[in-house]
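A.B. asks: The lines below spell out each chain.
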Amino acid sequence: MIVPAQYRIDRVSLSYGETSVLSDISLAIEAEQSVAFVGPSGAGKTTLLRLMAGSVFPDSGTIELDGRSFAAVCDRGSELRRMRAEVGFVHQDYALVPNLRVVQNVVSGGFSRRGFWSALADLVMPKRPLQQEVLSLLDRLGIGEKIFQRVDTLSGGQQQRVALARALFQQPRVLLADEPVSSVDPTRARALLELMHAVAAERELPLVVSLHDAELARALFGRMVGLREGRIEFDLPADQVDSERLQALYALPNA
Amino acid sequence: MRQGLVLIALLVVGMIAYLALDLDLGGLSPTRGGGDLLLEFLGAAFKPAFDYESGAVPTDWNPFFYQVFAGLWRTVVFAAAAIGLSLVIGFPLGLLASSLAPMPVRVSVRAMIALMRSVHELLWAVVLLAAVGLNTAGAVLALTIPYAGTLAKIFSEMLDEAPPQAFRALQLAGATRLQAFFAGLLPRAAPDMAAYAFYRFECALRSSAVLGFFGYPTIGYYLKLSFENLHFREVWTWLYVLIIVVILLEAWSSALRRRFVA
Amino acid sequence: MTAGCLDQLRRERPRSCFLRLSLLALAGLAIGVWFTGEIAVSDLFSDRRGDNLKRFLGDEAKPYPLRVEDAEQSLGEWFAAIWYSRGRDGVLATFWISWLAMTMAGAYALLIAPLCTRTLMARDPYLQEDRGRGWRAVTASLRFFNVLLRAVPEYIWAFLILAVVGPSAWPAVLALAIHNAGIVARLGADVTENLGPRPGQALRQLGASRSQAALAFLFPQAFGRFLLFWFYRYETCVREATVLGMLGVVSLGYWINDANARDRYDEMIALIGLGAVLVLAVDALSWVARGWVRRAGLVDGAASQASFLRDRAAADSAKTGGRAPH
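Chains as they are written, first to last, in this note's numbering: chain U, 1 to 255; chain B, 1001 to 1262; chain S, 2001 to 2326.
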């Protein structure tokens, strides 16, 4: 059984050169929570997710996954990889290999558990039990029959599910998703987010998603964190977020 | 219009080249024997030889068609061996010359590739002939050195150009750099790399044919021999064989390419 | 789903038989040829070859002042003698031969490429799908002619032309021009065919004739990319120009062959080295020129050398669906 992870983010700041991207962010995320980062573009939602996945490191402050800090292992390759493998990440642009089949893409999510040669063998022709495992995962996401199709023959929504399958195949302890529905129409967006919720709940994983659409976040998520210009504007249960707050969050600077 | 200016500039340099080479258009007119030779040679184009032109062929010679097939086969053999070997050498070199490799490795491998490429395969053949004598493996080696360099150069550029999203995503999912390379980056560059290698095979075939001029038993050897004996119809047979094979190969490669990319 | 379902999905997965067979055949060929007995690998590593190599490296290829004790020349003087007697002229001749040949090839391509462009050579170009049989015949026959030009290697062209016109720089120039004309014309036609058809459509709708469309749309839009191809071919052409000298034309290859025939392998290596320096210098020059072409805004989009080579390799597939997807 996979034990869900807990995040402690403590007074994190990050800047690229002169421009400050995040300043003084503190957050705690418990197991089974579903959190949506909302805010206008450029607010730092994506950067915060990337910090939580261990792909960038903060200038100051700490990010702890169950008490272990990413920054502490940032120059120890294998430990960093092991920690990164605990975080499932669904990228905005899916980041799949379009000219490989679905099964190969999904299997590559589990490479952290495998040696080099067995990973290579999995890539060329995944063994049968592995295929079965991938198939049941894809079935759960509703695209089982696509298992041997090339990714570039699938629709955007289907590719999104493949990306989700790859993240789940990693056996993560937390699921992060960066603008997962930015290129899907509203009806499908809702269905996809509901599916993400469902699979995260089945595995008792915390789900953290960045969303441009605050209304969708309010409808589906338990907790909302409003970000604006790299700062937390509010951090509330979704039912306490009213339109006034949202309007302030998205307001133009000079308006 | 800037394009027109560039065009004129290039033509002017072309004129300078013409003057620097001390050429005159009179040099284009056939020499006294050359005119007849040209007519005879062009006339032979319409009746390529299907048998030896000379009646007095030693009895121990193989039939002409066998000779043609054997010459073509050896041309293909050298080209295929050279490309196979070039891939084995060129792929790791290409990886080491790409931006995935650490700086000092990349720079030194790129310098090595430049050296391999800077000497033409026929010059490598001349050097190897002088160094070890006539040896067919030497011919393959002569083709391989510059071809491996070229493949490495182009492969490294293709790897650098391949979209890196999946490569980065896999590393973020805990895969090692090498795993992520094979699963996320290489598959994206592979169709282009395969197509380019196939194109180089076509080039290798032509180079292999020309190696015959240096004594290796490929098409060029027989072509030169026939030409020197003024057996122009045989020359055309060899030319046609070479042209047909190149055309077939081009058709094959474009058919493959369509399936790769689609 | 059940295990049986997995098998069925696997069986039904889309795959190309042609692709698999082709790859299998190519791999079989690349490996199989080593077992045909045509490639004397063991002979290459025999003692006799080893002795040859030892003699070559240890003695013959050593520069004269290093080989002979109390030689009257220093190494610098030895090389200077080669440079002033042959090297300089050879390098310059090689450079100019390739440039002249590429100028001729480029001129041919500029004239012929539009006539090979299937989007332009149609009954009603850019407006109607149906091209008409006559126009099809024009492009197909010109394209076939280009294939003939490039299917014969430059070395063989030079060999044949030399017999006709006698020794001068012409055989090398013409041979390189003919072979490269076939290549550059094809590349040019691919560039013009891959341009988006919209500006052409607009021009034609305004009532532009075929040649007006070619001048106002094809030429300005395709020229930059064509130039990049041209420079890339030029790099190859310099390598070839060196070699063609071996047939008796006064490029570097002539002197390489001359040193070889006199068994002066030290001089031969020095001249080959000179050729390598020329090639590297021209590569650098071409790199600068290509950079300029791109910065001058003659090419739309930031495309690198690799994508041109890819274009070249992709040339045929590009007919159907534009450039290879990135």
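Do not take every clue at face value.
Claimed, not checked - Derived CB-CB ranges, DEER-like:
#1 B:A1251 <-> S:L2215: 29 to 35 Å
#2 S:D2043 <-> B:V1088: 16 to 22 Å
#3 U:D235 <-> S:A2289: 53 to 59 Å
#4 B:R1032 <-> S:S2046: 48 to 54 Å
#5 S:D2047 <-> B:I1016: 19 to 25 Å
#6 B:M1015 <-> S:R2055: 45 to 51 Å
#7 U:Q132 <-> B:A1251: 27 to 33 Å
#8 U:M125 <-> S:G2050: 41 to 47 Å
#9 U:P186 <-> B:L1010: 41 to 47 Å
It should be emphasised that the hints constitute simulated quantities derived from the structure, not laboratory data. Here the structure is a predicted model, which is why all the values come from computation and not from measurement. C-beta: ideal position from N, C-alpha, C; glycine also.
A.B. asks: Each hint: holds or not?
C.D. replies: To see whether the hints hold, each was checked on the structure:
no.: 1; hint: B:A1251 <-> S:L2215: 29 to 35 Å; verdict: holds, 33 Å
no.: 2; hint: S:D2043 <-> B:V1088: 16 to 22 Å; verdict: holds, 21 Å
no.: 3; hint: U:D235 <-> S:A2289: 53 to 59 Å; verdict: holds, 58 Å
no.: 4; hint: B:R1032 <-> S:S2046: 48 to 54 Å; verdict: holds, 49 Å
no.: 5; hint: S:D2047 <-> B:I1016: 19 to 25 Å; verdict: violated, 53 Å
no.: 6; hint: B:M1015 <-> S:R2055: 45 to 51 Å; verdict: holds, 48 Å
no.: 7; hint: U:Q132 <-> B:A1251: 27 to 33 Å; verdict: violated, 42 Å
no.: 8; hint: U:M125 <-> S:G2050: 41 to 47 Å; verdict: holds, 44 Å
no.: 9; hint: U:P186 <-> B:L1010: 41 to 47 Å; verdict: violated, 56 Å
Checked against the numbered hints given earlier, this structure breaks hints 5, 7, 9; the rest are met.
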